[in-house]
Amino acid sequence: MIELNSPTKRYGSLVAVDNVSFSIKAGEYFALLGPNGAGKTTIVKMLLDFTKPTTGSLSINGLPSTDAASRTSIGYLSENHHIPSYLSGWQYLQRCAELLDISRSDAIDQCRRIVELIGMQGREDTKVNTYSKGMIQRFGLGAALIGNPKLLILDEPTAGLDPIGIREIRQLLESLKDQGLTIFLNSHLLSEVEKICDNAAIINRGKLLVKDKISAIVKDGDTLEDVFVRLVKG
Amino acid sequence: MTKMFSPIIKIAKYTLSDEVRQKSFIVMFVICALFIFLIRSCYQGNYIVNGQALNAEAVIRGMSKVTFHFIAAGVMFLAALLSMRVFRRDRDDGTQSCILSKPITRWQYVAGKIIGLWILSTIFMFILHSVVFIITSINMQVVMPEYLIASLLCSFNLLFVIVIVLLLSLLMPDIVAFLCVMGIGIIGFVADGIFAISHSQMAQVMIQQNGSQSDMTMWKAVYYLWPKLAGTQQFASSLIGSEGFQGFVSIYPLINVLIYVLILGTLLFRRFRNEDII
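First to last, the sequence lines map onto chains A and B. For the first sequence, my numbering begins at 1 and goes up steadily by one. For the second sequence, my numbering begins at 1 and goes up steadily by one.
Isolated chain B (complex conformation) (with noise of 0.2 Å):
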């Protein structure tokens, strides 16, 4: 058992330590880094709207869950942007053909890469959000726990991210793959968006009116079935707020995210297993 995941922790610290002296990683840290220190002095003083002084700790908690999402979709994007070249870059300094000349297996190989860039941008998610939760805590003596709760659980969009853009960089040019993937995401983004404005009050009541009851279903349907990266995310900001827990609606985003995982996964080492290694 040790013996097959050996090489899989060794390609995954390789990727790690390769991943960050890609310089798209540097200016992603640089630009995440500039971001925080324009926010922190959101975090600081007191809130008044017409000379009234604001309840102070319920600004804050908005206040970070717009951060967290800030935060949560810009690695989302760095991680794909990471992983977008990842299977190319390889072949061209030779480490593809390094590895698989050993007695690595092509899965191994994958997995490493996988889990490599999955650890990298988790961490990288997770530093920026508890620089958030850190200064929270100093400046305005909130402390919210579930603020690094809820970044973990976004790693799992992170880790769809990059199972998908490996997937595709296979079949497509690697700029198209990480266009596409974008795509997803927002799309993803726009349509709950409008999701949760058509089952506001006013849409309600204006659907009503209009007698506009035509057949929505398999629009619900492809909603459904459509990888819910805002979803997941809004799961895991839910913990912040007070929205509290909503059973199987709250926690859907995640298990479509982990099947789709699951499934591009599968496609993954599928089609990696019958390429040509140059």
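Chain A with its partners taken away, still in its complex shape (with noise of 0.2 Å):
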């Protein structure tokens, strides 16, 4: 589903991402793991074309991702997730739908099942700018699963959260393991990455360090976090 073909990103002298390769196949829920300024956002802007790979490739469903037609069936909730402070939460996510050609009937619908998936009954209707932080990943969240998307690309989307907003979304990705999405998890809460993910990739100054099942990565006696740290610090 997702190839990244040796990218390397260089912002001047400064390289970000240094000839990562790696695929993730239809139905994993992967995670990327790195401390921060490892490389890991610019790998999405990479796949999602908000960013230029100096060198390398990459595609998602064999489609380049320059090439919008990658990102048809794809939901993104991107870090520190915003709304535009005068849209409610239903407009929002109504906004989100017809940008995906949703027809209104089906868009009403979608929103309406979106809403209650999230747990935002009852608030969808007031301004965003009542929401706390963790409302708006929510609604960032419900707006990524519109279209009924076959990949979601997370990045950090439980940044900002408190321990019950953390939790919260972790089990809303949790209900959706069943639905066959593909997740591309991006993310340094590592507890939270061992609970839902099933395969991970370490990277660290923009260089993969490790790829593969949590369960190969993690040996026994073992957490996530001890071997990411092992790794990080060499």
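No lab work stands behind these hints, which were simulated from the structure alone. The reader is advised that the hints may include incorrect statements.
Listed below are the simulated DSS-like cross-link pairs for lysine-lysine, each with C-alpha atoms no more than 25 Å apart in a straight line [said to hold, decoys possible]:
1) A/Lys150 / B/Lys23
2) B/Lys23 / A/Lys127
3) A/Lys52 / A/Lys133
4) A/Lys25 / A/Lys195
5) A/Lys219 / A/Lys150
6) A/Lys211 / A/Lys177
7) A/Lys233 / A/Lys219
8) A/Lys195 / A/Lys213
9) A/Lys127 / B/Lys3
10) A/Lys127 / B/Lys10
11) A/Lys233 / A/Lys211
12) A/Lys233 / A/Lys213
FRET-style restraints, in silico, Cβ to Cβ [unchecked claim]:
13) B/Phe77 / A/Gly27: 54 to 62 Å
14) B/Ser41 / A/Asp101: 45 to 53 Å
15) B/Arg271 / A/Gly27: 34 to 42 Å
16) B/Ile127 / A/Thr54: 30 to 38 Å
17) B/Lys13 / A/Glu174: 16 to 24 Å
18) A/Pro64 / B/Lys13: 24 to 32 Å
19) B/Leu34 / A/Asp125: 54 to 62 Å
20) A/Ser23 / B/Arg271: 29 to 37 Å
21) B/Val222 / A/Ser57: 41 to 49 Å
22) A/Asp125 / B/Ile127: 25 to 33 Å
23) B/Ala196 / A/Thr130: 51 to 59 Å
By construction, the Cβ of each residue, glycine as well, lies at the ideal position given by its N, Cα and C atoms.
Each chain sits in its own coordinate frame; assemble them with the hints.
What follows is the structure, encoded as structure tokens:
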């Protein structure tokens, strides 16, 4: 489903992503792990064509990431998600549905279902500027689910959330497992990743350190955190 | 084809609805409403100078032209004001990443933004001109349908302002982009004024008397190549009066502005294609 063919991204002398190659199959719950500044968000940006790789290429469903059609069935939640403050959560979801060319009646049905799924019934008609960060994040996740995407790209979906918010997002992601979605989760919350994902890759300073099943990365007696610290600290 | 234009129309629609909520738009709307309210009294009553009644229709036509220029220039200012923060606002409130994470290309996004801003400012200008048109028609029984056609012609100036401000806002801070475009506009207006004065009979006589036949070719080239916003406005307002059509000379400013729109539009699309989305 996702292929990274040695993309490298340089910002002047800084190498944000250095020749990283891996692939993700359909249906995988995949986590990209790394410390701050490791290059995780840059990889996500290259996947969505928000930034161009200096060399190498990326593809989604066999289409190069530079082709807008590759984003046809993708849901994306950005780190520190923002929603225009003058919209209500419902209006925001409707806008996202409209941008995906979903018919009005379908959009209403989907938005209703999603509002229920993200647990925001009763709050969907109030303006976004009255929402807490966790509520905005939930609506962001809801917007990513519109159009029944086959791939969800989540960049730090729990950033800035309190423990309850983190747990709720995790439970929401776990509940989506049955729907056969592929999830690309970008995070540094290792305990959450360990609970949700099957596969993971760890990167540091733009370089890929390991990519495997979490059960293969974490040996007996270790936690993902132990392995992560060991790999990152070298 | 419909699939290609559908996202553009949607983005234009969102731009329209988002921009009318902006403070700068509301402030300008109030200022313009006040302006119209103040000038409406000028269209009432008879015009008498030194006890002699003036031709009311001629006075109204003259005054309507002045109002026409004020409104057109004011809306250009508003269009620049609205355009300068569009990309930054979209980036900050997540709209840009929301739209571009969907199967929508960057040129569709930019085209939607340009069209939305253009429609909004054109409608705004057309409404203001229409109010003057209605006041004139009702108070003085002088109907000037050409006033509205002239208003639509001036919308090309708005398109120029929107495209150049959007382009410059990608290259420099928003306020600097705004000031640059204002500078371009003001220089154009002043240059047109100087050009008009230098072609007056008195100026021609003075030039001949002084024998100042210095080489002005370069200045003339700069003058003709400079974005002719004032010229386009003048061409549009010539429809209101009875100045008559002077062929290519009359229409040149409009062609000049349209060529600039094409060039700057191409540069804007190319620049935005390589822009990093945050």
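Against the structure, the hints:
no., hint, verdict
1, A/Lys150 / B/Lys23, "40 Å, violated"
2, B/Lys23 / A/Lys127, "18 Å, holds"
3, A/Lys52 / A/Lys133, "30 Å, violated"
4, A/Lys25 / A/Lys195, "19 Å, holds"
5, A/Lys219 / A/Lys150, "31 Å, violated"
6, A/Lys211 / A/Lys177, "21 Å, holds"
7, A/Lys233 / A/Lys219, "18 Å, holds"
8, A/Lys195 / A/Lys213, "13 Å, holds"
9, A/Lys127 / B/Lys3, "31 Å, violated"
10, A/Lys127 / B/Lys10, "21 Å, holds"
11, A/Lys233 / A/Lys211, "17 Å, holds"
12, A/Lys233 / A/Lys213, "21 Å, holds"
13, B/Phe77 / A/Gly27: 54 to 62 Å, "56 Å, holds"
14, B/Ser41 / A/Asp101: 45 to 53 Å, "52 Å, holds"
15, B/Arg271 / A/Gly27: 34 to 42 Å, "39 Å, holds"
16, B/Ile127 / A/Thr54: 30 to 38 Å, "49 Å, violated"
17, B/Lys13 / A/Glu174: 16 to 24 Å, "37 Å, violated"
18, A/Pro64 / B/Lys13: 24 to 32 Å, "30 Å, holds"
19, B/Leu34 / A/Asp125: 54 to 62 Å, "35 Å, violated"
20, A/Ser23 / B/Arg271: 29 to 37 Å, "33 Å, holds"
21, B/Val222 / A/Ser57: 41 to 49 Å, "46 Å, holds"
22, A/Asp125 / B/Ile127: 25 to 33 Å, "31 Å, holds"
23, B/Ala196 / A/Thr130: 51 to 59 Å, "56 Å, holds"
Hint violations for this structure: numbers 1, 3, 5, 9, 16, 17 and 19, all remaining hints satisfied.
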